[in-house]
Amino acid sequence: MTDDISVGSDNKGDCRVTFLPAAPPEVEVKTGSPELFRAGIEEVVTETLSLFDRATGKIVVEDQGALDYVIAARVETAVRAAYPDVSPITPGGARTPTPRDRLRRTRLYAPGNNPRLLVGIELHGADCVLLDLEDSVPPAEKFAARILVKHLLATIDFPEVWVRINPLTTYGMDDLAEVMRARPHGICLPKAESAADVTALAAELARIEAAYGYNPGTTWIMAIIETSNGVLHAAEIAAADPRVAVIAFGAEDYTRDIGARRTRDALLYPRSRIVAAAAAAEIQASDTVYANLEDEAGLIAETEHIRDLGFVGKGVINPRQIGPIHRIFAPTAEEIAEAVKIVAAAKDAEERGIGAIAIGGKMIDKPVLVRAQRTLQLAERIKEELG
Amino acid sequence: MKNALDRDIPEQIGDRTLRPFQGAFGTTPTGRKAARPQKTVKLGETKVLKSIEAAIEATGLESGMTISFHHSFRNGDYLVNTVVDACARMGINDLRLFPTALFPVHAPLIEHIKSGVVARIEGSMNGPVGAFVSQGGKLKAPAVLRSHGGRWRAVEAGDVHINVAFVAAPQADPYGNATGIKGRTPCGPIAFSAVDAQYADKTVVVTNDLQPYPVYPFEIQQGWTDYVVVVDEIGDPGSIASGTLKITRSPTRLKIARLAAAAVKASGYLKDGFSFQGGAGGISLATTKFVGEEMEKAGIVGSFAMGGGTRLLVDILHRGLVHVLLDGQAFDLDAIASLRDDETHVLIDPGHYANYDSRGCSTYMLDAAFLGATEVDLDFNVNVNTHSDGQLLHGIGGHQEVAAGAKLTLITVPTLRGRLPVIVDRVTTVTTPGEVIDAIVTERGIAVNPRRQDLNDRFVRAGLPVRPLADIKAEADRLTRPPRKPVFGDEVIALIEWRDGTIIDTVRKVVGWK
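Line by line, the protein sequences give chains A and B.
For the first sequence, numbering that gives the first Met the number 0 gives the first residue as 0, with consecutive numbering after it.
For the second sequence, numbering that gives the first Met the number 0 gives the first residue as 0, with consecutive numbering after it.
Keep in mind that the hints were calculated from the coordinates and are not lab data.
A quick note: this is a predicted structure, and the numbers were derived from the prediction, not measured.
Any given hint might turn out to be false.
[Claimed, not checked] Pairs of lysine-lysine, BS3-like flavour, derived with a Cα cap of 30 Å:
(1) A:K57 to B:K513
(2) A:K11 to B:K484
(3) B:K513 to A:K29
(4) B:K264 to A:K382
(5) A:K11 to B:K513
(6) B:K484 to A:K29
(7) A:K11 to A:K57
(8) B:K296 to A:K382
(9) B:K288 to B:K181
(10) B:K406 to B:K264
(11) B:K1 to A:K382
(12) B:K270 to A:K382
(13) B:K1 to A:K11
(14) B:K270 to B:K406
(15) B:K484 to A:K57
(16) A:K346 to A:K365
(17) B:K264 to B:K296
(18) B:K1 to B:K484
(19) B:K137 to A:K29
(20) B:K296 to B:K406
(21) A:K29 to B:K508
(22) A:K11 to B:K245
Could you build all of it, start to finish, from the sequences and the hints given here?
Here it is in structure tokens:
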């Protein structure tokens, strides 16, 4: 006999689902406005149950304003907790892969176990949303969280969405098997310390892509470098696999690891090393989060600093940090004007078959031209993004 | 009969012939205003009575009469319950209550409705009384919900004749001058009662802080007041802040507020002399803050802002972002202090800012306003009165007059509350017609009323996320199965008046679900 199972929570936006496998089949819904919601919730529960071959029993839903995908996720969690060998749900829904060098000024972290904080997470204008199964999810909630994240992924059309899995040596393999059923654009690998860490993930992704019938090589990897070993091996991590699109810095774990305080000086070396590693592998470097939400001036100062170091993006823990960061990464009107001049001069030189590029008698080096081209690309993309 | 919004309106309720809503500015009043009986108080006469009971006796209050109250103590009010309890003890029943608004603290009225002491209610009902009345068959006649200005107008026009007005006064003198912004327990302006005090047969000022003559400002005046009663307490001022006054921390709501502020900026109205109304709801409060920041950034000095007064608006006044702050209500103690101490913070009454049958309203001078809603529909109609299950939920407040007056009326709402969609095909109840709503601002984009193509163009030029309301609705609807809808019977629970006294909608008894 299988024990009664209770999953979910009484938090706003969530629901508690209790599964009594031994009881006669029945759906019971408790909700604040039963006349309005009971029928709809019952429908979601019944449809979700119908996806399992073995799910007789009584389901009790105590609703706190959960959206349909949350209810479906909680029901799936309860059924699978009762019957661990039952097949997981593979929700429908296609996703178009994103370009490897997509604009990624901000990656917004959202805890994968809290429905209330996930509502509308795609609406805040972050270049990437990063659904977290690692640090923000306690071990007891990993199972429920990866199922919730899967249903969220299948429901929302994100501009770009990543899942931060746990290390492959802990819960990472289970995370992958679950969330890849709803196909995020990319997977963030925490605590990457070597090329082998990355290739292990890449191999598993290749296997899953083949098994689930996705085009091979279309799931990106963001390796998060947050240990001394990771920093020392940044170059090999960045170059480990063509799937690696971004290497990101995690300063909290890093400073703990090396016994440093989080000062600008202490972070200069790992940051510089990560930027160089990314540049050498022709991928993007993204900086750590700025944890003090209330300190916008501090956020701005740090973002200007890391932009100047060569990072192209930064992690954010609250939507309110997105605007300031995007403003800092936007080229100024002067920078755009200067870039236009340089690119025009280069075009002119090329048309006239002259090797050297010059503006007003001043020679323009190749890296300056490349930078100007990047500035214009960035300006163009920001314009596109604004519609 | 159908009104201009295609809502079914009965022709007659009791002895009242209903006039259907004819458009926001569709009616023109005729005739003369009502008036109270003549009376003189001669030299040396005194007005102070020992108790509420004594006042009830002195005023000649009898069964079947109408008594009125203001709501400035909000959920901290003691007076409504005290007076109705006293009436019950004295054998008076069949009363018509005419409060500006009732709150959860007034739940004891339910027993008085059951026992027949209270037979009718015309006023906003927030909380248990509204839920009770919504069940139907509880009152002798449908409740009547009026806006701030609509209530004032109804009294002046004689639609509602008040027999005895009870005015809770945080400070009063023995001659009947009274104010709400002073005293031991200030509750903010009590000038909502000014029309009651001038038109009622008898006016009773009830205070817990009697001070020597003269008490000012003269929100309630000696010439209007028949009696003064001193009691221990009239209300708990700690409850005037109704829990709506924290700036939201919800990223979704902050996003709506930022979009609304951006819309104000893009609208073309944000220039020197700008005026706006800032509400007290979470999103409105945040919008007010962000609009203030935009003004500061652009170096714009506005002409005036309107409350309900809050610390935030007071701060905007004191930072010099507007010349004048006009307030008919105060939602926190900072606003009360400022009303008392700062002559540029001006106390106004609904007759001044909101009355349709008048020679002008402050709201007509507004550039922008940010209002909430429980529901909005694809015709931009707004419901603030009922929940989607058909239950009476809130009063109208100044929603109608502000929306009708402001050049730019933004409804700031999330698309979902829990699993309840806020944008619907047809609102459960129309409070404010779509013709006076300019745009709906949600976390999924801004929908501009098709009547405002000019605004649409400006928003698009500014790069704002302008989308058809139906698209925004569809996006939110994908996240929840549609809730069932109430099926309404014939029994009318409440009449919703438009501010000119016409009927914009009715609330009917729920008889089933579909």
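(request) Please work out if K484 (chain B) and K29 (chain A) have their alpha carbons no farther apart than 30 Å. (result) Holds. K484 (chain B) to K29 (chain A) sits at ~18 Å (cutoff 30 Å).
(request) Compare the distance between the alpha carbons of K288 (chain B) and K181 (chain B) with 30 Å, and conclude whether the hinted pair is satisfied. (result) At roughly 28 Å apart (the allowed maximum being 30 Å), K181 (chain B) and K288 (chain B) satisfy the hint.
(request) Sort out whether K382 (chain A) lies within 30 Å of K1 (chain B), counting only the CA atoms. (result) Since the Cα atoms of K1 (chain B) and K382 (chain A) sit roughly 49 Å apart, the hinted pair is violated (cutoff 30 Å).
(message) For K11 (chain A) and K57 (chain A), compute the direct alpha-carbon distance and say whether it is at most 30 Å.
(response) holds, 23 Å
(request) Assess, step by step, whether the Cα of K484 (chain B) is no farther than 30 Å from the Cα of K57 (chain A), and give holds or violated. (result) Within the cut-off at roughly 27 Å; holds.
(message) Check the hint pairing K264 (chain B) with K296 (chain B) against an upper bound of 30 Å on the C-alpha distance.
(response) With a Cα-Cα distance of about 11 Å, the restraint between K264 (chain B) and K296 (chain B) holds, given a limit of 30 Å.
(message) Next pair to validate is K11 (chain A) with K245 (chain B); report whether the Cα-Cα distance is within 30 Å.
(response) With a Cα-Cα distance of about 19 Å, the restraint between K11 (chain A) and K245 (chain B) holds, given a limit of 30 Å.
(request) Would you check the hint for K1 (chain B) and K484 (chain B), treating anything up to 30 Å between C-alpha atoms as holding? (result) holds, 21 Å
(request) Mind checking the alpha carbons of K29 (chain A) and K508 (chain B) for me, to see if they're no more than 30 Å apart? (result) Judged against 30 Å, a Cα distance of about 24 Å means the pair holds.
(message) Run the distance test for K270 (chain B) versus K406 (chain B): straight-line Cα separation, threshold 30 Å.
(response) holds, 14 Å
(request) For the pair we were handed, K346 (chain A) and K365 (chain A), check the Cα-Cα distance against 30 Å. (result) holds, 13 Å
(message) Checking one constraint from the list: CA of K270 (chain B) to CA of K382 (chain A), max 30 Å. Satisfied?
(response) holds, 27 Å
In the structure shown, a violation is registered for the earlier hints numbered 11, 13, in ascending order.
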